[in-house]
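Participant: Protein chains in written order, with our numbering: chain A, 1 to 262; chain B, 1001 to 1262; chain C, 2001 to 2262; chain D, 3001 to 3262; chain E, 4001 to 4070; chain F, 5001 to 5070; chain G, 6001 to 6070; chain H, 7001 to 7070.
You may find that some hints are simply not true.
[Said to hold, decoys possible] Label-pair ranges, simulated between beta-carbon atoms: (1) C:Asp2058 to D:Gly3054: 54 to 62 Å; (2) D:Asp3049 to G:Thr6021: 18 to 26 Å; (3) B:Glu1010 to H:Ala7018: 40 to 48 Å; (4) D:Arg3241 to C:Val2034: 49 to 57 Å; (5) C:Asp2123 to B:Asp1144: 23 to 31 Å.
Just so you know, these hints were derived from the structure itself, not from any lab. In this text, a Cβ means the ideal position worked out from N, Cα and C, and glycines have one as well.
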Amino acid sequence: MDDPLHIAGEAFGSRLIMGTGGAPSLEVLEAALVASRTEITTVAMRRIDPTSPGSVVDVLARTGVRPLPNTAGCYTARDAVRTAQLAREALDTSWVKLEVVADDHTLLPDPVELLDAAEALVDDGFTVLAYTNDDPVLALRLQDLGCAAVMPLGAPIGSGLGIRNPHNISMILDRASVPIILDAGIGTASDAAIAMELGCDAVLVASAVTRAQDPVMMAAAMERAVQAGRLSHQAGRIPRRRYAEPSTSFEGLADLGAGRRP
Amino acid sequence: MDDPLHIAGEAFGSRLIMGTGGAPSLEVLEAALVASRTEITTVAMRRIDPTSPGSVVDVLARTGVRPLPNTAGCYTARDAVRTAQLAREALDTSWVKLEVVADDHTLLPDPVELLDAAEALVDDGFTVLAYTNDDPVLALRLQDLGCAAVMPLGAPIGSGLGIRNPHNISMILDRASVPIILDAGIGTASDAAIAMELGCDAVLVASAVTRAQDPVMMAAAMERAVQAGRLSHQAGRIPRRRYAEPSTSFEGLADLGAGRRP
Amino acid sequence: MDDPLHIAGEAFGSRLIMGTGGAPSLEVLEAALVASRTEITTVAMRRIDPTSPGSVVDVLARTGVRPLPNTAGCYTARDAVRTAQLAREALDTSWVKLEVVADDHTLLPDPVELLDAAEALVDDGFTVLAYTNDDPVLALRLQDLGCAAVMPLGAPIGSGLGIRNPHNISMILDRASVPIILDAGIGTASDAAIAMELGCDAVLVASAVTRAQDPVMMAAAMERAVQAGRLSHQAGRIPRRRYAEPSTSFEGLADLGAGRRP
Amino acid sequence: MDDPLHIAGEAFGSRLIMGTGGAPSLEVLEAALVASRTEITTVAMRRIDPTSPGSVVDVLARTGVRPLPNTAGCYTARDAVRTAQLAREALDTSWVKLEVVADDHTLLPDPVELLDAAEALVDDGFTVLAYTNDDPVLALRLQDLGCAAVMPLGAPIGSGLGIRNPHNISMILDRASVPIILDAGIGTASDAAIAMELGCDAVLVASAVTRAQDPVMMAAAMERAVQAGRLSHQAGRIPRRRYAEPSTSFEGLADLGAGRRP
Amino acid sequence: MAASITVLVNDAHIELPAGITLTAVLDQLGVDGRGTALAQNGEVAPRSEWPTTVVAEGDRLEILTVAQGG
Amino acid sequence: MAASITVLVNDAHIELPAGITLTAVLDQLGVDGRGTALAQNGEVAPRSEWPTTVVAEGDRLEILTVAQGG
Amino acid sequence: MAASITVLVNDAHIELPAGITLTAVLDQLGVDGRGTALAQNGEVAPRSEWPTTVVAEGDRLEILTVAQGG
Amino acid sequence: MAASITVLVNDAHIELPAGITLTAVLDQLGVDGRGTALAQNGEVAPRSEWPTTVVAEGDRLEILTVAQGG
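One chain only, chain A, in its complex shape (with noise of 0.2 Å):
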């Protein structure tokens, strides 16, 4: 595996993290999966409910992609520990994608709720990937915390708004010690090719591919869009300049009799 991602021990081949929230049907869920190339992909706890048909469990089981539940919903670190543990029971796995928001319009994260449930899930033994705002103190206190991964938001969840604040990411990374996974807010492709060039280590994206006109295109936009991104961070880009530099040598230039150049 070429440059793989590691979180908490664990390598992957893809830096890209899909959601599974928002797309209009399993089949387009599964089929934008596999055009996605991820290896993780974050699922919710909900009641069952006895009449849907077909199963996310199913699509998880055929295409292989590791799920990683998270605490959506929840405004309370009681609540959020408490599906975290759930989410342990039925899907067999320490890792969470933590999640606790102050309210359903902004959807932004608790900052005193989301530090209790990190330190309450890191000290009962799970993984914790932290869904955060974009300020580089909570996600330091989250990484000091314990936690495996962080998630700066790029704009709200599902607002599509792109990376409002690249300095407060870029202030993150200079301090980060775990994988830095920009979460929410990507909007298109070239938002999170910017993710990347900042220097984060994965990109999630859920709406912005399961509620986009074809979801699959835009999941295999994604793909691309995110390799764009760490090749082109870590290849070295040209400095910017405020004139202009011939990438055409004058050098040799013929002389055709007419003016030269002033």
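Chains B, C, D, E, F, G and H: place on chain A using the hints.
Facilitator: Frame of chain A; chains B, C, D, E, F, G and H shown alone:
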């Protein structure tokens, strides 16, 4: 060939055009051309240099990439036309990337000379791909004169500043009836993705690849970025929203005994 | 007069030029002109309309603001020159704001016709203030032809999109030997401040004031914005830093018994 | 007093708050305070320095500007509360600008300590103006705790990076029931104008003025910028349009014999 | 004749035989155990204890499964 | 009895006395001369020549004035 | 003969007469009381109590004043 | 004894045999014809005419080839 790019009736599988200028060696150039998967590459006409080892001609022969001669270094319509005619003899091609610049500090096109040269070359049977600034009026004039493609800049050549004025590029696309190829200014992979997401038909990169710290890796990055941007453009992105839109439904949320959402 | 603006040897105390177009009434126009403290205002030449009550002429007379006739609505050099000559007769002024547009959808200048008209008008003794796009090459040509001021746009007329390409404006300023007046595109007060901070010598606003919900209040806003931007440009701003720089010194910090800074 | 700013029941004529930190001398500070027309200025509490000539106290007395003590340099709620209490004794004021930072590299607030300090100070009868990051959740919590004003940053203190995330500031304003004062990050006059146009109630500047090359001139710039932004916000800007909207009507255009508009 | 109990399952009142185990509850409701978790009166019921855990009158059960989520 | 001529003023046909000067045309139309300009058959008519310039049958006159403009 | 005490004032050891009040400490140090605050052993000393508060051997005093701050 | 001529090739003076053709010039200079173009006195020399085009005393030749370019 899936979703080909058509220029003057010919179809190309890649939407990335690579320039050959600026590469540290012919070996690196060749490897970058291969990594980029480009099918067209720009070259210049310069005086023979008996001391130079190897030749771009050999690289073209080995890689099979089609050369597109440019008129870089020309400040007048007269010089540009003469250079195009020489290139036609040298490479047995009537295709030309037309550049007529105003000064070597900005390398920005001279609008009047550019229009004159375009008209003369079209009259002389050339297939003209015209490098221009991002002025929607000039782009339309070039199209109306019979250019086969219009190549607006994102920023000055070699500046790496990206697309300074997406709104202008977008206005150019609104009235385009020939391919619009974003040329000049690309600094990194996400810039190329953004160009394609705006709706450009292709992207040309030279310095961004050849002068990157690792040109071959950057070529691979650009290849994916152009694909990512194209697919994303066609997949139909989600709308931008001011507030959050949950990707995880609240329906079926468990009642775990703690406070519910506010 | 403090820090006057000089155009063609004349000095002005205000660096804001207001256009008269778009105002809901002559009363509002007059009040806005007064609030703006402008000393120059653009007017158009149109056929007499015997049914129209009052006249811009009266507003000019009462406010004492100097009229600057424009050539709005002209698509050719010939029409623009003729219009300028008529305005000279009507207003006894050889000053003209030269506009030669390519189409009425973008209202962007036609570069070739614009250059022709500028040359003809300079030859005919006019003091030409030339409305242009933000192309540094075209701006330099107009300056070299003898224009008394160059007026690059920030964005299309009436679009309110602000300064789409500050980098181009900045390159224009680098080579300017005549006043550069930011014209078109201003939507709000901060846009005008930004123009002045870039180093522009003056700003022209029309729609941004006359079509605001409260034109008189917006005129007052623009007056202050232009001053703010000018003063700020001259005062020398602080450098941008990646990290914080305390404005409060840590020296002499009390020891209050709790933990000191980490 | 026209359009006053109300904080905790008191009215102020100026919407610019100036910090005293960073000025090269007390003379320059005094002149800048006068030029800024501010009515409130922040000060710190530090150990007496018998060697320092003159005192901020004298400057306050002469200018009549109301001091607002800050808790700069505090990393814990305990220290911040103690510092506020000392300032109350020193200046006979129960107003405090609360700062509790996480580290001296970013000077970003520590969310948990900040909330604790705010609660304790409100309980102790203080009028708390709380410096915070741009997290809409934290801003709402501070407001709900009884802070008299919330002061989100635009960028790190002293960085001069302007408003990095206008979308967050805008979301904070959507839910504000107390004055929102943009604090930290302002680098130049247009930044202050933008803050006011977003709808902020006031702006605080320190380094942007005191460390400018000419602090007194920059203070004058800021005074106008805040007015410009406020007036502009209230005047109701024109909508943004993709294409041009003529400010000069085409009606009554002369027929001068040449080609009419296309 | 077996007595029956009333249990609150996902907020719905359901009648079940007295002495029923969690495993049997899932069977009776036709729930496939894959990807499923159970909370009994707000406490997580470990999967290993489902076969031996008895449900009592008035118990609150939450039966959750994996669903689409961002 | 004075002969009359027909003149195209701002695209409208108007009947005027033969031999009328530009100054008299403006008077007759009630046009205040301030801020006004005249083109006769596509050529600018200098203000100083209005009193002495005679209008002929079929002439095209453009009478312009200052209007609001951006 | 008056006894003296040693007090830590802003981290510096200073010798002062025994029984000295806070007000007298400020006087002795030449500190203008305007914009000044005092903490004694980590606790805020209210201005109203300065004249009557006595300083003891080993006390830690913080004497603060208004300074430039952002 | 063959006469010789002096020709300006890419700004350098070169002595060549009188009557030499363009094709022979390239041979003599060791220039591989691939990707090569020729201008004679500012005019493009079509490749098809190289074998028959004779170079004269004082001619200006530009011999160009494909080079790296953006």
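Participant: Which earlier hints turn out false for this structure, listed by number in ascending order?
Facilitator: Result: hint 4 breaks, nothing else.
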